[in-house]
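Chains as they are written, first to last, in this note's numbering: chain A, 1 to 549; chain B, 1001 to 1489.
Hints are computed from structural coordinates only; laboratory data are not their basis.
All of these numbers come straight from a predicted model, not from anything done at the bench.
Even for Gly, the Cβ is constructed at its ideal location relative to N, Cα and C.
Please note that a few of the clues may not be correct.
Which chain B residues stay away from chain A? Per the calculated CB distances, all over 12 Å, these [claimed, not checked]:
no., residue
1, A1061
2, Y1143
3, T1284
Pulled a few chain A residues facing chain B out of the computed Cβ check, cut under 10 Å [to be verified]:
no., residue
4, G153
5, A164
6, L169
7, V176
8, L179
9, W215
10, V413
11, V417
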Amino acid sequence: MTMSHYLSLLLFLPLAGALLVLCVPARNVNAVKWLANGVSLAGFLLATPLWFWYNPKSPDFQFIERARWIPSIGAEYFLGVDGISTLLVLLTTLMGFIAILSSWSAITERVKEYYFTLLVLQTGMLGAFMSLDFLLFFLFWEVMLVPMYFLIGIWGSSNRLYSAIKFFLYTLAGSVVMLLGILALYFHNHSVTGIYTFDIVQLQRLSIPFDLQWWIFLAFFFGFAIKVPMFPFHTWLPDAHTDAPTAGSVILAAVLLKMGTYGFLRFSLPILPEATRHFVPFIAALCIVGIIYGALVALAQRDWKRLVAYSSVSHMAMVMLGMFALNPVGIAGSVIQQINHGISTGALFLLVGVVYERRHTREIAEYGGLSRVMPGFAAVFLVMTMSSIGLPTLNGFIGEFLILQGVFTQSWVWAGVAASGIVLGAAYMLSLYQRTMFGAVANEKNQSLPDLSVREWATFVPLIGLAVWIGLYPAPFLERINLSVLKVAARVNPAYAADFAAACDTTVTPELRAASAGNQFLAAAPCGPDGQPLTTGSPVISTTAGAPR
Amino acid sequence: MPPGLPASDLAHLLPEIVLTIGALAMLVTDVLAPARRALLTGVALAVLMATLGAVVRDLHAEASIAGGLLAVDGFATFFKVIFLVVALLTVLMSHRYLAVERVSAGEYHFLILCATLGMMVMAAATDLISAFIGLETMAVSFYILTGYIKPNPRSNEAAVKYFLLGAFSLAIMLYGMSLLYGVSGTTHLLAMAPVFAGQAHDPRLLLAVVLIVAGLGFKIAAAPFHMWAPDVYEGAPTPITAFLSVGSKAASFAMLLRIFGQGLPALVTDWALLFEVLAIVTMTVGNVAAMTQSNIKRMLAYSSIAHAGYVLIGVVAGTTRGVSAALFYLAAYALMQLGAFAVVILLRRADAIGDELKDLSGLSGRQPLAAFAMLLFLLSLGGTPPTAGFMGKFRLFAAAIDSGHVALAVIGVLNSVLSLYYYLRIVMFMYQRGEVVGAEPRFTPLLASVVAVAAVGTLVLGVYPTVLIDAADASARALGAGATVAGPR
């Protein structure tokens, strides 16, 4: 293994595993399961060095890989990660493994196809986060749809056919409109530079006329907002979540929704800064409606899974609001909250999966008093409920705090409404907890439910660990995204350009940079706007939560 | 016109000569050994391979031959390769089908070879006369092939419909051609182009354009000239449906691009507008009608109407990029459409017609590979990555945006979303329904090879399309160069 193909290895390992799974005879169910679990665990282990090797002192894309793909239209096989995508890649590999591990006894039909689908999906997700070529990104973005369609449509519950096709067509409609935006950008770049390319680094350098930005932003908006999903494009989500198998819901909530927010962060903000600023009131309004509406609808749910699904609508609106504060604190909070949402909502869907596997119902009214029969389950559920609510010492608090801080500097009204969304969030989550966990065991069928098995514990322990880690000591996470976030903020709001320049580290001299470029570890783009290595400065987002700026 | 053909022209005509002799040999073989189905299939394959070899031998030739009737250029060659590959795959997928239907194989293959010859002439024709002869050769072969299963009333009905409407549309087109001749005094496309310069909006020419568009619109099954397609596609023997929906369409597009690109570039503002309306109507009508079908052949017929609409986007763009995108799409479409029909043929057993949606129920359990290949073809037809169909649509929409037809691109992408609704319905039957209808479908090696070639091609063109893009670019440029540089001898 040469280091210069690290990302490719990471990207195609699940696909290779999927093809291996195909080679195992279908009747040998255990071999299929072991293989799939092994591959996804290997994927996660292989990704962990990314955490250590990623250089947070450089604002550039790292682990660059570049090769010709379709020269005649200028498309390249171009991979690389910055701080934001590093965290999302790590989240994807972890959640991919957990999703596969959680399926061990839940999936009994077409086992081989199931794991094949999950592993292919994994490659699609990783590719979308790693691609620095817009066409390549779109390819992976669309590739994800088909496995997810099958996950819902084949292994889902009662209304799966409807939900699967709704998911597919809804998302597809958004992304094809986005494709037209990509093409408009592509041709504009050619008319300015004379080069046909989908290189995202290059496209982020363009200054595009406002009218064109406006249209492209709108095209991207449809693609990304449907994926997030933002109110009023969220209607596919409750159906998809409710009917998906547990692992499908976990992946959907933890990773797929992040594609939308990641898209805004990677493309809309840095490529279309003026249009982004122009659309802030519009997006903020949708977010605020989304936060309140999602929470209120969640309050009214009788279906456990649907409740968690609507809570996602509310939480993701919060993530978007933080991002569109367009300042470093808000964006950093938005990124951290994406990770947090992946952890807590992923875990909440796992928890629903646990009881669903035992009782085959998601009706909240069917449960009650579970803490007596399943104390371990109740404990995990408590931690994740608190994480979702944003209780201090757990991860949710950090993300929401940063978001609110960032939003507050923009508008105290938005911050006020968003904060009330958190209160509503506490209301529906605590009420869910109360209705399912406390009281007497009213339902006979719940009397003898077994508590979490070792395998189920294994799916929750890493998530609890991460929730506590981010809650108590988020510094390593913030450190990794600091420069990438500042770069986006500086691009979308020139007021932060000086901060970004100041934050660029002086230890990366041009010589070192050149040497590193030879190793293809650091993209050889200059740090400051004028190409100078810049003077000292502490990171703008301090490593403790909420340094005022 | 010169009295004879120079020897160099004969060398360039080698593919057509080989194919003609091969077709006649086919007839002789049929007389000598009418029951030897394998032999007849073998002869057909050998003839097509030899013709393909002759085309490849002359791959980079640039010439105007037979007194300007035909051109040997990158454009013609690109299409000839498509036609021959399509014909090869058609013959391969016909072998067992003919046995199941209990019809004779000799004339059938003879007609396929004749139709292929007609298509090759259409793609190479730079003169209205030769284009029309090619078209007639192809059309007459298809009229007979459509009704080839004599005991089947659906097949007969399809043939009669196709013949009557086809003859009518050809007559209309011929009238349009005669107007062009009347105004310009020549039937040669490159010679009439300069005559029309500056004559945009001339009512005689407008009438000619409308008539020719109507005639060719019938051949490519563009709405509103598409009414015949569903009935003919459903009634014709399935391999012929595949051949018709791919080969005939591609050949008609080749002729369309020659006539409008090389002969009538001066009227581009007129015909581009006409095609734009046609593209929008065709895509939408095809997709909306396909959504309600329960017969796969009918569904694929309507979807092939929609695909003609997509290809028209490239024609409307009118640029080299647009033509190249159209060519790429036709090639990609050939693979995925043939592949889908091959899977439908797989379902045709002695005890089951196999062309209803429910016949696909549970295919993923019975024939996982066939189901997976069909999934690939359907996703490709719907235009999702990583398939050839995506790359094709991507290039078409790129051409549309590049040439300023943003509205057309928007309607195009929305249509592709619409189309996935009914493609996914087929997927749903294959993967999400359990009930099994009829006997176990079994692959023969020949049929399996067709599905494999189409599936691998669909995937490879979706992931690494460079080679085909370059070829399509080159042949699009050849068409453009022919229009501006070359002239009749």
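Quick rundown of the hints versus the structure:
Every beta carbon of chain A lies more than 12 Å from that of B/A1061, the smallest distance being close to 23 Å; the non-interface claim holds. With a cut of 12 Å on Cβ distances, B/Y1143 stays outside the contact zone with chain A, its closest approach being about 39 Å. Non-interface status of B/T1284 relative to chain A is upheld: no Cβ of that chain comes within 12 Å, the nearest being about 15 Å off. The beta carbon of A/G153 comes within 6 Å of a beta carbon in chain B, closer than 10 Å, and the hint placing it at the interface holds.
The closest approach between the C-beta of A/A164 and any C-beta of chain B is roughly 8 Å, which is under the 10 Å cut-off, so the hint is satisfied. About 6 Å separates the beta-carbon of A/L169 from the nearest beta-carbon of chain B, less than 10 Å, and the hint is met. Residue-level restraint check for A/V176 holds (minimum Cβ-Cβ distance to chain B is 4 Å; threshold 10 Å). Annotation: interface hint on A/L179 holds; nearest CB of chain B at approximately 7 Å, less than 10 Å.
Satisfaction of the interface hint for A/W215 is found here, the shortest Cβ-Cβ separation to chain B being roughly 9 Å, below the 10 Å cut-off. Because the closest C-beta pair between A/V413 and chain B is about 36 Å apart, greater than 10 Å, the hint is violated. Nearest Cβ of chain B to the Cβ of A/V417: about 34 Å, over the 10 Å cut. The hint is violated.
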